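Take these sequences, add in the hints, and give me the full structure.
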Amino acid sequence: MSASVSTNPTLRGVSLTRTYGDGAKRRAALREVSLGLYPGQLALLMGPSGSGKSTLLAVLSGLLEPDSGHVLAEDRGEERDIWSMTSKQREEFRLRTTGFVFQGYNLFPALTARQQLEIVLKWGGYASGGEARRQADAMLDKLGLSANRHKKPAQLSGGEKQRVAIGRALVKNPLFVFADEPTSALDWENGQRVIEMLRDAAHERGASILVVSHDHRIVPFVDVYYHLEDGHLEERPLTPGGHGVH
Amino acid sequence: MSYALQTLWHERQRYASGVLAVTFSAVLIALQCGLLLGLFKITSIPIDHTSSDLDHTIWIGSTAVQSVDLGKPIPESFTTRIAGLPGISMPEQYIVNYGNFTKPTGGTELCFLLGSRLDDGGLAAADVLSPEQRAGLTEPFTIIIDQSDAKRLGIAGPGAKPKINGKEVTVIGMVSGLKTLAAPWVFCSTHTARQLLGHLLPPNHTTYLLARADTPARAKEVATQLREQYGSDMTAYTAHDFSSGSRWYWLTRTKAGIAIGYAALLGLLVGAVITYQTLYSATAASAKEFAILLALGIPRWRISVMVMAQSFWVGIIGILLSYPVCLLLREAARAGSVDVDLRWEVLAGTSGVTTVMALIAGTLALRSVKKIEPMDLLR
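In order, the protein sequence lines correspond to chains A and B.
Residue 63 in the working numbering sits at position 63 of the first sequence, and the numbers go up by one each step.
Every position in the second sequence, counted from 1, becomes a number in the working numbering once 246 is added.
A portion of the hints provided could be inaccurate.
Subject to a maximum C-alpha distance of 20 Å in a straight line, what follows is the list of computed PhoX-like cross-link-like pairs (lysine-lysine) [unchecked claim]: (1) B:K287 to B:K425; (2) B:K616 to A:K88; (3) B:K534 to A:K152; (4) A:K88 to B:K617.
Each pair of labels, with its calculated beta carbon distance range [unchecked claim]: (5) A:G130 to B:A262: 30 to 36 Å; (6) A:D67 to B:I606: 37 to 43 Å; (7) B:T498 to A:G130: 56 to 62 Å; (8) B:R613 to A:H214: 33 to 39 Å; (9) B:L515 to A:G104: 33 to 39 Å; (10) A:A138 to B:R258: 29 to 35 Å; (11) B:L515 to A:D81: 47 to 53 Å; (12) B:A531 to A:D67: 31 to 37 Å; (13) B:R548 to A:E196: 28 to 34 Å; (14) B:G598 to A:D81: 48 to 54 Å; (15) A:G104 to B:V519: 29 to 35 Å; (16) A:H214 to B:A530: 27 to 33 Å; (17) A:R76 to B:R258: 43 to 49 Å; (18) B:Q523 to A:G104: 22 to 28 Å.
If you are wondering where the hints come from, they were derived from the structure by calculation, not from laboratory data.
Everything numeric in this text was worked out from a predicted model, so none of it was measured.
Every residue gets a Cβ at the ideal spot worked out from N, C-alpha and C, and that includes glycine.
Below you can see the structure in the form of structure tokens.
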């Protein structure tokens, strides 16, 4: 499958710097990092523990403010710096555009697979009642979870739970999806299935997806591969089978 | 089912302590109020246990009398103010006053004399008196007491001869079910009451006049009219109003209301703290699930509404559980001859107060919602 990638990035990080701590304990997690996320592209961000991967994901996704630099997003035909928005505007921007998948599935124990998706549609104001149910079911069907729609997290396997979590991230049809170690709690069979789903979401829906991971086995599935170390970002060549972007 | 209720049911063990805290508060408050109301029913026994129909009866007494035991003598001539009013019967006299009771076994007690007409159709005679007892009381210087007071008054049984205000009387029988708070009730005829009270009741005076109206509405109307017309030297109430007025007087005068207020407040505080802790820890335990919703851009108020809905349901379930507990405890109290008056006002008031308590606990628990940050998911 080939990536349908446009030439303009939908999200650009420009000269992003972020430090933690004060004085002697001051440590730079990001040093003048720049990168672009393209529609229809699955990007992978790797690097050793503590290299700032999660910090970059948080800064790009509007969860953590950088010390300097810009995060420019294509929004309704114009490019806006999400860190120049008010927190309410940013929250509203995330609601419209952004999905998340985390290592921990963070599903509500009391809710069924269908309700985990419905809650996002209903509380996010996307759909209500029967329409929310229809959209949730459609997403679960797509993820091969039709038979599990009435099951609660305790009745699902780890792989199924992560697929529900992906469904929750994708159900509102976001422009950007940020996934932090989405496969690390899974065996490779399930991990592969999850990364394939994220790739399909990028290619079929045109979403920009950034995956942070330690797992080298997913490199062949991505379109672009970044390496972050000591706060510096570089693009690495893909292994055979991967899909280059540039 | 709402997400809040579904979560409550799924994690019922977690929420159980909060629900039980609400139940505890509700039971404590309802029973305290019920016990007190039950207790103070005793103060209006001379009104509630007459042979008259409470809805139809008008009581006329001294100016601004607040409780049935506080009536001062009024002239019998006030009868003319009532007699002849359309739809109102000829008033009858009811003499009530404290007396000094000398036990046959020695020692004295304060007693409360209730002297009434005893013939059929009389309004004031105690409803528990049998026709034989009524007939017996027409003999001068005869009295009847309640069984529960017999020991206290040193009465072994009928035939005992104690003294009231220094005059010997004969106990001709006993009734049951008319307990007393302070001074035991002593039932007798108006004639005997006059003899025993002597100069305490001036000639041609009575303590109350009772009249029967054709309809409850007429009773209210005439009572209001008499108060307006003769408020300077007498007062008039319907039996219902005088009964609740007597109870209210004792409730407030004895400061028992304050005592119950403190106990209820304590119950509420305990309930609020436990409910708050339950909701706070439950919300904190779901922090990651809520955090991902925040990351997805779901407004924080949505989560706050869910926590408030949970606190509401914790309150409602706790209150529903408290009803059977209250009813069981009322029956247990009844078995021990203690009246717990769980009228609907008590249950409704308790439900209202404890629901508000649960909602306040929920509001406090919202602090944990404020602490939730999506960034925590990445740490």
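### Message
So, against the hints stated earlier in the document, which numbers end up violated here?
### Response
Hint check: nothing fails, all pass.
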